[in-house]
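Number of protein chains: 2
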Amino acid sequence: MAEDGNLHIGNSNYNREEEADPENNTMNQPLLKRHRTLSSTPLALVGTKVSHIESLDYEINENDLFKHDWRSRSKAQVFQYIFAKWTLACLVGLLTGLIATLINLAVENIAGYKLLAVGYYIAQDRYLTGLLIFTGANLGLTLVATVLVVVFAPTAAGPGIPEIKAYLNGVDTPNMFGATTMIVKIVGSIGAVAAGLDLGKEGPLVHIGSCIASLLGQGGPDNHRIKWRWLRYFNNDRDRRDLITCGSASGVCAAFRSPVGGVLFALEEVATWWRSALLWRTFFSTAVVVVVLRAFIEICNSGKCGLFGKGGLIMFDVSHVEVRKGKIHKVLLSLSVSLFTSVCLYGLPFLAECKPCNPSIDEACPTNGRSGNFKQFNCPNGYYNDLATLFLTTNDDAVRNVFSSNTPNEFGMVSLWIYFGLYCILGLITFGIATPSGLFLPIILMGSAYGRMLGTVMGSYTKIDQGLYAVLGAASLMAGSMRMTVSLCVIFLELTNNLLLLPITMFVLLIAKTVGDSFNLSIYEIILHLKGLPFLEANPEPWMRNLTVGELVDAKPPVITLRGVEKVTNIVDALRNTTHNAFPVLDGEDVDTGGGTELHGLILRAHLVKVLKKRWFLNEKRRTEEWEVREKFTPVELAEREDNFDDVAITSSEMQMYVDLHPLTNTTPYTVVQSMSVAKALVLFRSVGLRHLLVVPKIQASGMSPVIGILTRQDLRAYNILQAFPHLDKHKSGKLR
Amino acid sequence: MAEDGNLHIGNSNYNREEEADPENNTMNQPLLKRHRTLSSTPLALVGTKVSHIESLDYEINENDLFKHDWRSRSKAQVFQYIFAKWTLACLVGLLTGLIATLINLAVENIAGYKLLAVGYYIAQDRYLTGLLIFTGANLGLTLVATVLVVVFAPTAAGPGIPEIKAYLNGVDTPNMFGATTMIVKIVGSIGAVAAGLDLGKEGPLVHIGSCIASLLGQGGPDNHRIKWRWLRYFNNDRDRRDLITCGSASGVCAAFRSPVGGVLFALEEVATWWRSALLWRTFFSTAVVVVVLRAFIEICNSGKCGLFGKGGLIMFDVSHVEVRKGKIHKVLLSLSVSLFTSVCLYGLPFLAECKPCNPSIDEACPTNGRSGNFKQFNCPNGYYNDLATLFLTTNDDAVRNVFSSNTPNEFGMVSLWIYFGLYCILGLITFGIATPSGLFLPIILMGSAYGRMLGTVMGSYTKIDQGLYAVLGAASLMAGSMRMTVSLCVIFLELTNNLLLLPITMFVLLIAKTVGDSFNLSIYEIILHLKGLPFLEANPEPWMRNLTVGELVDAKPPVITLRGVEKVTNIVDALRNTTHNAFPVLDGEDVDTGGGTELHGLILRAHLVKVLKKRWFLNEKRRTEEWEVREKFTPVELAEREDNFDDVAITSSEMQMYVDLHPLTNTTPYTVVQSMSVAKALVLFRSVGLRHLLVVPKIQASGMSPVIGILTRQDLRAYNILQAFPHLDKHKSGKLR
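Which chain is which? The protein sequence lines are D and Y, in order. Numbering follows the UniProt record's numbering, with no gaps: position 622 of the first sequence is 622. Numbering follows the UniProt record's numbering, with no gaps: position 466 of the second sequence is 466.
For reference, chain D alone in the conformation it holds in the complex (with noise of 0.2 Å):
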């Protein structure tokens, strides 16, 4: 080939590369490609409604302004910026750890009056007064925290971890760290948990961590931002970004006091940028999360806390998809299932048969307050419930009920498969609801039934305790849907306290990972999948080595270049007729011909919006000093997100005048040559946390352009690969990972 000359550039780039590489094969269908393009739709379920989504710029943006304004920054100010993130990480593990406190306070308050009020009823063997109370508050709750969601927050429903998980990714789903958003989540996660939903408080508390971060971070809601000074440093999606991993894992950390467990569930669920220096100020977070929690915990054991007893149990969680129907509807959803699971609840203790207290056990037996493990309903004095010690009471302490050890055959088997089988129902119609919830209460309750079950089987064979089964089959269950080990393991470490219990804990979750990997994904990856959430794997698909970026940007269409110094008229199509998030910019003599074009780099459309909504025009084409740029903008504004110029009027006089970008351009954008592989591009693009990759030619040659194509997060998906190179779909097998 070296001898031939076979060169052809430009369209018949593809050809020349076929002959070029005969090993490549498997790519000798240009027919199907050329029929195909790469499509790319921003578009995923946000609440309820299917909106637009943005990626973030997590890439440093090294234009003039930038480094100018980076140069000039004194010592003062670098210690001013390292003090200032110090100072949020602390504010945002206060804040989590108060509003943690706040929930727990309110939900074992309002739950523990409405149980007192209902075991009153019962003592006095007026059931069906005690059901109506019964179902009559967990309706009223249930309807607060739908119709806050609904009206309000609709991206307040569900868990929130999914779209965590996507921020952190370097995906932006808008109204989802807001702060109306964080007040209904407050709200609604108290009235949903109080309602005795199959749902948990663990999940929310995750999403709140962050918007308490984001909130920060920004200095205030969007409307009524503090335009403090310093916090112009964390006016960008880096440091949010830090930001809110340290609130998700203070999150987790206020959900089951579980600092090591909240910092290592940031790390392996949540994040997808991960630095030492982040571990070490997301620790500094959960630390003062910790302290909150305590400090509380210790005002509350002197009794000034009303029904704040030992404080919950508590997890965390996810939810399903949102049905996309009117708001009446969903609001009739949730009171229907807070309906149902009122009666089952009530009712279905009947069905059990009075157990009789065992002596030999020190616990009160039976008892009737809202706590306690031997309820005893509708027994006779000296007999036992088992069913309503699990069903008549705070999901928190029927949970610790299940756990409790050196309790052998307090719970019968038909009352665990009846706790078992409705929690599988509960779980099932609970998740789609609009409210606040958590999947991992409901994954601890159906886990927790099974293995307790098992543990009374084995019963007579071992001398493990039935406390211990339980807890190992929530392991277990957990570890199967949310592929979590060691942070899981930590967390329950952290919840038990005993060290003993870690090898066997190991491997449960080793094995319940192995099983549910060799099945499907985690339960989070479904459900950002289900939303369409563009999340990149950290592993590219095999098949993504036979693909070059060359042939996936001849796919889409032309890249649209701008000179370094562009007509106004220029700039405007540009941004009215794509919806491009960046533009290269090309220097050089003649960028129209070709002959001896450079690439100065990329700029934003943002920056291009800025530029005409402040009219910085020229008369003439020409280059401009650095004064008259640091004149015109500053990099707090230039930091802003803005998109929208349909207010402004150009005149067309004004339309013939120029700009210069250079200023702006972001000199140092990453390429990569169209001969890299798609697997490597991608991992160069999660790697660095990219949002626009340049592709470059491999061939110096006048005429070419320095840029052949842009790739986003969405070309590189492999989901909309695939539509445009269906015949790399039979190469699709396992993951080597």
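In short, the hints are calculated from the structure, not lab data. Among the hints, a few may not be true.
What the hints assert, rightly or not - Once the Cα atoms are required to be at most 35 Å apart in a straight line, the calculated DSBU-like pairs of lysine-lysine come out as:
1. D:Lys556 / D:Lys567
2. D:Lys463 / Y:Lys463
3. D:Lys567 / D:Lys49
4. Y:Lys463 / D:Lys304
5. Y:Lys463 / D:Lys75
Chain D is fixed; fit chain Y onto it per the hints.
Just chain Y now, kept in the frame of chain D:
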């Protein structure tokens, strides 16, 4: 600029750029630059010698042969590969656990019998005989450890952790993970620790774990490798990196019986690249280690392990740079240190006052055996010598005694001062000796001393236990010297099995690390620096934003390129005249005149040597077919690292023949455009794990080479860059983390 067409290519490149980018004014000193070149000296201190170090190829070398091999893998082979990975992870854990148990058994028995003998003579008031036996035994053990290290494996000296850190960062230090090193490390550790030197077995255990992993991955010792077919999948640096990460985590786990702590140690301190999948496999290895350790402790508890008592609180470590002196000198140095240590440990307790036993404490007092918290030594019955309790025992037991709770006022202030002072001195003089040694235990000894002293001073004001002060003192000194936080916290959590200590431990660690960070680097980083290992930091220096990779390659000698079909003589010249490990391969009609050339990829030196050795020469200049290459080379052969071709004699007629480099060329090397800032290039280099980074021109024109340079790890090191561009130094300021 777009108007006046100042497209001076080639040598005047630099001036053009200056003109094009007036903002970049910190670079207006080309004269300084022209006089210097970027030198790369791949030399570092390995063991006791300055050796040539190699970079590792963590990048996937996507050449035709690899692609074919990869594509031809059946599902069964993929499964085999995954199964093999998990089996190896299991084996690493198993063997590390076994060897750790072996070391523990040996140390406890040897030191135990030594201490029993000494105690026997002391009880008879024959102090001089006791001293002779004590000193003699210690000298003998030290001699064994030192001679083994000096004669057989100088790389076994010290802890090995910095070298493992460097390996995982991409730097191979020769003879670091061999079978000899491992055996010497095992035996040497036993000797040095049993000799009562101020060092620990924990760092060595981390090194041993890594050696096991490396040996398993390559199928045995260098000269007796098992050539199993499936092992060929592990014959690459990527998979070996993962295995060694598992090995180091297993080592920490074996040292502290802390599986989660081991994983976090690998994550926080040792590893550079990390993925969720690795977290998961590392965790599996540590789980196996814990099971092995636990099984042996069960066996030993039934009294089958001689003097093996509580199994030792176990810790890890680090050592200083070797003194480059003769072998005899080093043996003498070790023996003097051993002598000094023995005399101090034996003699100083005579200075302590005898303290009366506290009858309200349950423990036996005084004791004469090898362990026990209240040693009688030279005191009358009913009295104990508090210094003897700390000195005449193993280091592990000393730590356990200082940590002991509910023993207020056990140790006098004078004794604690002597203890602290002695271990400060011993720590300083012991680090440099030629035995496997660790810094972890010495640090714990020092830290616990000042912690306990503070506890004694505060004793009358607080109710906090003195043992807790000692634990916190040890934790603070470790965090202050090693700068680990989360992993240390989990290790302490798993050691003390007390979750209530967690918040206070966290804050002590945070404060210690912050104070330490404001003074210097962590001790591992200092050692890496002293040894000259080219470790790449995660955060680029701030001034790297002001330098482009184009300027960097301008300061290097011109890049040597090869053609796609190249003459043998050119290849031989390239290999002889340079030490480069890879060469860009260019294609096109006329490479020399530069009209329309294209970048085909990058070929490794090892593959060129392979071609010469196999004499895969062509008579005419032509492209080869795929089968021709596959007939000649197997993927296993190509995975071998080989760069010595002195024994290859090539005739002058062969010199005029051709080689088709295309099928052996990695067609997907990572590239950056010359205008990329060094900061961002470094982020790419480190995140993706590269060995070579190609620099392509930003300008598209005839006559340009499509590659203007290659950057390696050495070129991106801050120190080397500052040598070539000294004016950047003034911009040097605190890193923005």
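Consistency of the hints with the structure:
1. D:Lys556 / D:Lys567: Holds: D:Lys556 and D:Lys567 sit about 25 Å apart, inside 35 Å.
2. D:Lys463 / Y:Lys463: violated, 40 Å
3. D:Lys567 / D:Lys49: violated, 39 Å
4. Y:Lys463 / D:Lys304: holds, 26 Å
5. Y:Lys463 / D:Lys75: Between Y:Lys463 and D:Lys75 the Cα gap is close to 43 Å, so the pair fails against 35 Å, i.e. violated.
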